[in-house]
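Enquirer: Spelled out, the chains give:
There are 2 protein chains.
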Amino acid sequence: MDVLSCFIVIALFLTKAWTSEASSSKNIILMLMDDMGWGDLGAYGNPSKETPNLDQLASSGALLPNFYSANPLCSPSRAALLTGRLPIRNGFYTTNAHARNAYTPQNIDGGISPNEILFPELLKQAGYSTKIIGKWHLGQQPQFHPLRRGFDEWFGAPNCHFGPYNNKNAPNIPVYKDEVMAGRYYEDFEINLGESNLTQLYIQEALEFIDKSVEVSKPFFLYWTPDATHDPLYASRPFLGASERGLYGDAVRELDYGIGQIINKLKSLGIDNNTFVMFSSDNGAATYAKENGGSNGPFLCGKETTFEGGVREPAIAWWPGIIKPGQVLHQLGSLMDWFSTALDIAGIPQPNDRIIDGISLLPVLRDGKTIPRPIFYYRGNELMAVRYGQYKAHYWTWSNSIEEFKKGTDFCPGEEVVGVTTHNQTNYTGMPVLFHLGKDPGEKYQIRNTTREYTDTMDIIGPIVAEHHKKMIFGEPVLNYCDDSVMNWSPPGCEHFKCYQPPPSNKKLCNWPH
Amino acid sequence: MDVLSCFIVIALFLTKAWTSEASSSKNIILMLMDDMGWGDLGAYGNPSKETPNLDQLASSGALLPNFYSANPLCSPSRAALLTGRLPIRNGFYTTNAHARNAYTPQNIDGGISPNEILFPELLKQAGYSTKIIGKWHLGQQPQFHPLRRGFDEWFGAPNCHFGPYNNKNAPNIPVYKDEVMAGRYYEDFEINLGESNLTQLYIQEALEFIDKSVEVSKPFFLYWTPDATHDPLYASRPFLGASERGLYGDAVRELDYGIGQIINKLKSLGIDNNTFVMFSSDNGAATYAKENGGSNGPFLCGKETTFEGGVREPAIAWWPGIIKPGQVLHQLGSLMDWFSTALDIAGIPQPNDRIIDGISLLPVLRDGKTIPRPIFYYRGNELMAVRYGQYKAHYWTWSNSIEEFKKGTDFCPGEEVVGVTTHNQTNYTGMPVLFHLGKDPGEKYQIRNTTREYTDTMDIIGPIVAEHHKKMIFGEPVLNYCDDSVMNWSPPGCEHFKCYQPPPSNKKLCNWPH
Chain A
4 MDVLSCFIVI
14 ALFLTKAWTS
24 EASSSKNIIL
34 MLMDDMGWGD
44 LGAYGNPSKE
54 TPNLDQLASS
64 GALLPNFYSA
74 NPLCSPSRAA
84 LLTGRLPIRN
94 GFYTTNAHAR
104 NAYTPQNIDG
114 GISPNEILFP
124 ELLKQAGYST
134 KIIGKWHLGQ
144 QPQFHPLRRG
154 FDEWFGAPNC
164 HFGPYNNKNA
174 PNIPVYKDEV
184 MAGRYYEDFE
194 INLGESNLTQ
204 LYIQEALEFI
214 DKSVEVSKPF
224 FLYWTPDATH
234 DPLYASRPFL
244 GASERGLYGD
254 AVRELDYGIG
264 QIINKLKSLG
274 IDNNTFVMFS
284 SDNGAATYAK
294 ENGGSNGPFL
304 CGKETTFEGG
314 VREPAIAWWP
324 GIIKPGQVLH
334 QLGSLMDWFS
344 TALDIAGIPQ
354 PNDRIIDGIS
364 LLPVLRDGKT
374 IPRPIFYYRG
384 NELMAVRYGQ
394 YKAHYWTWSN
404 SIEEFKKGTD
414 FCPGEEVVGV
424 TTHNQTNYTG
434 MPVLFHLGKD
444 PGEKYQIRNT
454 TREYTDTMDI
464 IGPIVAEHHK
474 KMIFGEPVLN
484 YCDDSVMNWS
494 PPGCEHFKCY
504 QPPPSNKKLC
514 NWPH
Chain B
4 MDVLSCFIVI
14 ALFLTKAWTS
24 EASSSKNIIL
34 MLMDDMGWGD
44 LGAYGNPSKE
54 TPNLDQLASS
64 GALLPNFYSA
74 NPLCSPSRAA
84 LLTGRLPIRN
94 GFYTTNAHAR
104 NAYTPQNIDG
114 GISPNEILFP
124 ELLKQAGYST
134 KIIGKWHLGQ
144 QPQFHPLRRG
154 FDEWFGAPNC
164 HFGPYNNKNA
174 PNIPVYKDEV
184 MAGRYYEDFE
194 INLGESNLTQ
204 LYIQEALEFI
214 DKSVEVSKPF
224 FLYWTPDATH
234 DPLYASRPFL
244 GASERGLYGD
254 AVRELDYGIG
264 QIINKLKSLG
274 IDNNTFVMFS
284 SDNGAATYAK
294 ENGGSNGPFL
304 CGKETTFEGG
314 VREPAIAWWP
324 GIIKPGQVLH
334 QLGSLMDWFS
344 TALDIAGIPQ
354 PNDRIIDGIS
364 LLPVLRDGKT
374 IPRPIFYYRG
384 NELMAVRYGQ
394 YKAHYWTWSN
404 SIEEFKKGTD
414 FCPGEEVVGV
424 TTHNQTNYTG
434 MPVLFHLGKD
444 PGEKYQIRNT
454 TREYTDTMDI
464 IGPIVAEHHK
474 KMIFGEPVLN
484 YCDDSVMNWS
494 PPGCEHFKCY
504 QPPPSNKKLC
514 NWPH
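For the record, the sequence lines run as chains A and B.
Taking our numbering, the leading residue of the first sequence gets 4, the next gets one more, and so forth.
Taking our numbering, the leading residue of the second sequence gets 4, the next gets one more, and so forth.
In short, the hints are calculated from the structure, not lab data.
We put the beta carbon where it would ideally sit given N, CA and C, even for glycine.
To give a feel for the contact side, a few chain B residues facing chain A, derived at Cβ under 8 Å:
#1 Gly42
#2 Tyr47
#3 Pro50
#4 Ser51
#5 Lys52
#6 Gly300
#7 Pro301
#8 Val331
#9 Gln393
#10 Gly417
#11 Glu419
#12 Lys442
#13 Pro444
#14 Lys447
To be clear about the criterion: a stretch of chain A counts as covered by chain B if any three or more of its residues have a C-beta under 8 Å from a C-beta of chain B, and this derived list gives those stretches:
#15 50-59
#16 246-259
#17 292-298
#18 416-425
#19 435-444
Next comes chain A alone, as it looks inside the complex:
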């Protein structure tokens, strides 16, 4: 038994006893899009209205307009999702500079900590078939791979599909089929001027996995996380030009089609009443996406920022017979809730040896309950803002540095809210900038700090924040160091393709400009 397994056994021992058979037949599918914005779905008001399958999913399930990622950047968001814990706890952040976003480029030295519990590990132990299809993003070195962290199967890549690289300064990113690479992006898996059949592969893998799981009569957990809406955008040939909003829209249409295929598969197998499906995105639409039709709806700025455009996510929950159709649920939700919700559905108790930031959404989705809870907005090692009820208090504001802005990087193009979308990190901890997101979802009209509304609200939020800081145990940051020698030079299985010699190790602090 390796250290990790020991750890899990101990963690489970610390929780109260549970039986896997009680709910062994409830399947779970979590669909996580990449950089898709809140405003990209018809159900969320996109003017193009090009997501019929997602809109149908919403009208036959529940729409959650107040749903958040734990971070405005992919890797920390995904680490938080799988651990149920804020990146500041699970280590997916950097202390190289103040309040900087960090992620897992292929030269990152770190990855998801062995001390963290990922809910697929618990599902697998409870008898679930588990599969991840798409982007992992929690570390590309073998010790961090999903098959070491609760997944039986994997089809996808450890890093973003950036490239092509020249295999000299950097190797092309591998696509894995379980333990071994099945080829590399731009070589064996083409992405050519926005055309790629990757989404089709991801759809096919999903349908086959569902079929296979039903055949062996095992409950399954599918983490379906395609990346066609992440730079560089792509769609397969039949979807190119299908949208009225360009390549980004084409990618969205193909993903929507895929979601329709997956839902139809559940129905045709007669397991729709037995399968919990939830859809969301890892962070808000980025500027490159917004320039190409991506939308954060009425929300301010986008990816990389802790304004609503960076972290408010589209979210749909669907479970015929359990979740009443056509609901709009205003519960403040988080991707971290997928941890607790999945365990709740599977009848597995939550680890009680650590703080879990997520909550089970089952009482909300099934019984219509509302659970008061704050939303914490982090950027790197700093708590930037807190939402409670309809109010959001910014303790720090920052879009990006003036140097980056002058170089042309703009996270808030066409938007400028004085004193809010600041280009210097502005400390408002003495007197937070307060917005009412019900009246003002776009964070444009500050509530004056001389009003009764301001003091009454801060009298509630202040103690929540104080308590949060008091109980915080910072995780060891895993995104501080980069080293070109840890890139995907020679992934397992490369011998069937091409292996490259890594350069000598040169571990140094990563540069995180945002």
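Model the placement of chain B on the given structure of chain A, informed by the hints.
Expert: Then chain B, alone, in the frame of chain A:
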């Protein structure tokens, strides 16, 4: 026979013969909201999702996400709606200054021209019962009143519900019941710190009118145009605090409730299959509304501007049995189309002695056809922009003057698109600023004028604009002169309340700062 009646008879004579009995039983209800934004409905993505009746109307009818008012300000928008013609043709504009919005405050000297044909006049002649409930806004002097222009009945006011006035410098605005005033705002019809039962009165009037029309077996036309979402906002007591987005949201909830009541009335009378219902708004949400929860969704700026936020309107068409449920129709539509659509439904041919800018939407709504057509965006006497297909070309840009902006008037708070939301009137007629509204509904990313896309598009739009200018016959502007003596000092029926002596006439050019 008065001049107006003569004119109508002649106009009808010029058109081909028609019979009223052919379609005499098709009722028409047009619901026009006041300053409500595209993004205010759940179906259009408002995060609060507080419009269940409108959302239901959309899902059981057709949603039109590309629907426009003819002007970013109420009076010209309403004049265009009822005449089917651009304000520049029907006279609802000013030449006092270049590209300035004008409307009908109570000291306006002008009103809707007797030379214009309003479609309710034609409906009435064809045997329809006609009623307007709510704001008229086409002139407060008796000669301009709705009962002179095709309406059998009226409950509502000629002007906005601004006030209270002191009845010395200005009288309070009268509320009419048909020919005579039934009282005044703030005196007999209370609007008190955001509380008023006016919307309830407007709902009640609508239900009674429908009942009565059915009793007498006459087809009816109802123009339902409440104003609770126009400054000063109001809602009745049961709706105060009902919304998560403040008083504006309360007003929206009450209007949504009213719409539900009207639809239920049609169903309970069994005339839903025989009644065409269309919903929209006169212009985009204004800054005061946006500060209070109003939303133009992803669109730029708002009321007063020719950016999408000023003129893109929510639009729903509903007619069970005729309009297939659940459709999203991307037809470029206009409030001016209500003219031609109403006539088409009633089987009345369109006047052919003048240019009508509207088109009948019946082939679109009933048969799913798409009709290519441009959208012209005017501000006062200037053609500011043109949309054709997905492209919008700005020939002039302007938000407001730097002087007004410095005084605190901001039509684009938190939004600033360089060279677009300009504070001087900027002439781009030589090289229009071009956007692709499919990819970029927020008008933030100009298509460079060095690209093939730009030249190809302008090769199409240029001739459309040239043709438009060539054929333009400017109407005599009716919004140039103001005179305090024409205010509502002594409306018909004031003797039952209080009549005031008007000051001596002092006709002068109105000042239109925007």
